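Engineer: Letter by letter, the chains look like this.
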Amino acid sequence: MNKFVAIVGSNSNKSTNRELLQYMQKHFQNQAEIELVEIKGLPIFKKSADRFVPQEAKDIATKIEAADGVIIATPEYDHSITAALTSALAWLSYGIHPFVDKPVMITGASYGSLGSSRAQSQLRQILDSPELKARIMPSSEFLLGHSLQAFDEDENLKDPNEVKQLDGLFKDFVQFVNISKQLNNANVVNKHKAEQFSWDKD
Amino acid sequence: MKLVGIAGSIADQSYNRTLLKFIAKRFEGLVDIEVLDINDVPVFNQDDDQTNCAAIQNLCKKIEGADGVIIATPEHNHTVPAALKNVIEWLSYEVHPFDAKPVMIVGASYHTQGSSRAQLHLRQILEAPGVNAIVLPGNEFLLGDVKNAFDENGDLKDQRTVDFLQSTLQNFIRFAKVINMIGQTTDYEEEDLSAKNGTDTTVQGVDMNADDWLDQAAKKVNAVEGDSYVKLDSGLLTVDQLNYFLKTIPIELTYVDENNQFIYYNDFLPTEKMLAKRTPAQVGDALDKVHPQISSVLKHVKQVINTLRTGKTDLVSMPVPGNDEKTHVVHYYKAMHDEAGNYKGVNEWAVDIKPIVDEYLRETGQKLVNDPNARVDAITGASENPEVDTTTGASDTLQKIAKPEVKIDTTSSASKH
Chain A
677 MNKFVAIVGS NSNKSTNREL LQYMQKHFQN QAEIELVEIK GLPIFKKSAD RFVPQEAKDI
737 ATKIEAADGV IIATPEYDHS ITAALTSALA WLSYGIHPFV DKPVMITGAS YGSLGSSRAQ
797 SQLRQILDSP ELKARIMPSS EFLLGHSLQA FDEDENLKDP NEVKQLDGLF KDFVQFVNIS
857 KQLNNANVVN KHKAEQFSWD KD
Chain B
41 MKLVGIAGSI ADQSYNRTLL KFIAKRFEGL VDIEVLDIND VPVFNQDDDQ TNCAAIQNLC
101 KKIEGADGVI IATPEHNHTV PAALKNVIEW LSYEVHPFDA KPVMIVGASY HTQGSSRAQL
161 HLRQILEAPG VNAIVLPGNE FLLGDVKNAF DENGDLKDQR TVDFLQSTLQ NFIRFAKVIN
221 MIGQTTDYEE EDLSAKNGTD TTVQGVDMNA DDWLDQAAKK VNAVEGDSYV KLDSGLLTVD
281 QLNYFLKTIP IELTYVDENN QFIYYNDFLP TEKMLAKRTP AQVGDALDKV HPQISSVLKH
341 VKQVINTLRT GKTDLVSMPV PGNDEKTHVV HYYKAMHDEA GNYKGVNEWA VDIKPIVDEY
401 LRETGQKLVN DPNARVDAIT GASENPEVDT TTGASDTLQK IAKPEVKIDT TSSASKH
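Quick note, the sequences are listed as chains A and B, same order.
Start counting at 1 in the first sequence, then tack on 676, and there's your number in my numbering.
Start counting at 1 in the second sequence, then tack on 40, and there's your number in my numbering.
With the rest of the complex left out, here is chain B (with noise of 0.2 Å):
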């Protein structure tokens, strides 16, 4: 299970952020606690909406990232310091990365009271409706006295308060796998895959499902061609470099934009010899015209793609059914992000690896033999039990949405995709 940590604190020296990072590396064999810093964060203001700046863009993807989220507050006047009300103000404002997240909440103060107001203050702000958390009721954690509490390790002296704080600990492990259990069921019916919504790189005014989309849409832009030079991060290429260059790795690679829409592959292959048939004609489509209108097909499809978007999950992968002795194809889904870590599209490739399987084995000498101990591969899990999906915790759902999506690739191979 991975967390997040938030220390409600910007002060330089903090006890609070001590109390997270002991939580941290003491539990680490419990759970993987990821601790996040709040300090580069904007005032909240209405009239300036600074949601996309990559301070709150970053809090936002680790927080959907994660399985759950603890909150270490201080108490200053009785309630949360004003540096924490204000990241939950930009996260309850464009985004809401809380919704349906189980949030525990903890807190370390100087005196006897251990953040006890600040804390139900905590929990009435985490309740409301822009924010949406659900907090682990009970199993309140208050440290008082924290300066004499950790030793010069930064590790709490106490030992029945580190059982306690383990027990809470527990606690809130079980509840989370509980409560994503619950929330994960519809979140990928937000997916469009008729792509009808556009961004900011989508080619206005030209019909994406036209045949002659690509050119369309590149006089349109006035896209550069041939021998132009496009300067890369790391590459000065033209135009037809970039091509040999795509055109030549041995892997059928396609663009997804952040949109749904397709709007590349590197094409290399006729169609018939492709593992996942593309057609030129194909290029600028929606999602939802590449793939066959079955519902079971498309409810996949945005499955996948909605763990991408969510970050869930950086690469889906998963063998397509009909692989034999002679071939092993497997498609990835990779997430594709900009510097900001926005989600900008999927980056899908489709190989045989079993050409490389075989060519590790002639030059190391060794033949495969079957394993006893095996455990049922993908493939047969996935038709017997697609259900499953929707009841498993959020680290665990990839590989069984994973599964399921296999019939996808069968199914769009076989025809359009």
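Just chain A, with the same shape it has in the complex (with noise of 0.2 Å):
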């Protein structure tokens, strides 16, 4: 059974994004395991000369290595996603690339009806970058709007529709992450790439 991390990108202790993930986390118990990861406490990322990277940071990077694919929830907050999110990759291709070729399921959701859409079209972009170059999902948006709503009392989504909706996307992304997996004849190379990269060179 793949393993996946899900990243809640908030850090607020109520978030309807942690509900979403913490809700597949129980929903797909058979088909994945999912471990639900906090980027709570990460100081805000701040370059140094001896490229110090937060030993949270880099529990979280172990992590994601360890994974076969990468689920983030994010939150949007002024049209894009949280500080404390952007603060999170940031950290995570400092000096260390647990992004490179891993596959990504995007989702989001909102107190609005608009469910993140824009937060997620940044994400993608911002997911796209050379010192993170994940695999994302293609075609793929998962948006929950209305989310203070959308769950009932057993902390199960209500609506069927997007239950359905759901549930395709996860088995289309489990399917990608198995795909993936034989599409790694580059990764060598990416990693090194990633590494090897950088905004600072002359």
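Fair warning: there could be bad hints in the mix.
As the list claims (entries may be wrong) - Okay, derived cross-link-like pairs now, BS3-like style, lysine-lysine, Cα gap no bigger than 25 Å in a straight line: (1) K869(A) x K187(B); (2) K287(B) x K313(B); (3) K339(B) x K217(B); (4) K61(B) x K723(A); (5) K217(B) x K61(B); (6) K722(A) x K867(A); (7) K317(B) x K329(B); (8) K329(B) x K723(A); (9) K690(A) x K739(A); (10) K271(B) x K722(A); (11) K187(B) x K722(A).
Simulated from the structure, these hints should not be mistaken for laboratory data.
Quick caveat: nothing in here was measured; it's all calculated off a predicted structure.
Can you join these two chains into the complex? Each is in its own frame, and there are hints to help.
Structural biologist: Here is the structure:
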């Protein structure tokens, strides 16, 4: 069974994105083993001469390296992902490159009707950058709007149409991960390029 | 025009900061730019609201007080640095200094892109409803290969780049003027002259408009009086000594707190002899109680207070109409702030400056003569064209708001004020 790391894109104690991932963890337990990872507590990304990376970020990197794929649930703050998630992704591409060629599924929840749509499209661009270079599942938006009303008291998604869409997408993601495992001919080169890549270079 | 510059990086060495400093220095004849620091801003977290911390309050106040903002962004992973996004999150949560604020985006990067993707993300972010900045369209300034762009003095080497930068900056200055014209309409309407919301120092459970508010409120808070000592930041006085001191300052002083409540005046003259007439029974009153209920008067009071509260200026002054060669009474309204820069109310003083001028002339053996080139003075300008002020840039506003305010004081000092 595939092992996935699920990153909660919010540092807030009350997060419907966390609820969504917890729901997926439970709902898909027969299809994959999902471990939730928190970004709370990470400092704001800052470059240093000795390229210091906090231990919490290194621990997350180790988990991602070991996983078959990553699921990210992102809120939307000001039309984009949270500064906390931007910061986490910056740490996770600073001298370490756990995302290179890693299959990623993007999801997101918001209180309003849009379901973090703009944040998700920015997140795709970010994950596509040379030092992250993740393998994002194409054409697979899952936008959970009105997220405060989306779950019942047992923390299950209420709307059967949402469940149906998520079921389909998740099945696709598992397939995507399995196919990805065969698309690794360039992985060594890609990793090397990400490591060698530097915005700082002359 | 006054702008603030924000470098989107907290790295010790930042070319985007270098770029802003260069813009500030090179174009200082064109515009006044203060470069702000975002280093000490805590991580944004909804569970731990730190909007009131000094770093955020300072940024908020500086941005609110500026006519526009220039943001210089690096690009990390195809987007803006987390540190910059973090600042914007704080400034779009409980406070909204970017609201309707003209913003210009510039950026520098090591490679050819010059932060192109980050700039587009930043535009989307600044457009978000909680931020609601008004970003200069077009005029992209992308500085690639930044390591080779500056000389040892921090000056851009390529003249064509400097020329292009100047033309985008000039476009922004024009843009900011227009945007600020549109923006300055109704801010002041939010001023609550009835003081009903209170603040942390408002005495609760006492009717502020009661004639004996002072006695009631003092009892409620167990206020010290008489020979009790009060420790000030640079002195120790008894309450009696404080009174002796304040009552011998030859200027009429009035304290209006940040909740628009009139809480003190240095009562040293009989009411009828005062330049701005107050009575002991008025102390504690909300501002709408001490001004006549005339909408134009209340509107002007709101304008002055809002100008001070939002930091557009720290001081409004206006001569009272009816001044002649014997008297020249001026009312001053000075914003007060705490150590963290939070607005704490108005220190208002009224003074006849003519005796001071006379003394100066006597001491120096000079006399006053008319200046044939003098422009029309504030008082005449005022009554003629009070509507003009809604369409001026922020930095011009003050004087023009101040002028129509003159009318308030005529009305109010004649009646209850």
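Engineer: Please name the hints from earlier in the document that this structure breaks, with their numbers sorted from lowest to highest.
Structural biologist: 8, 10
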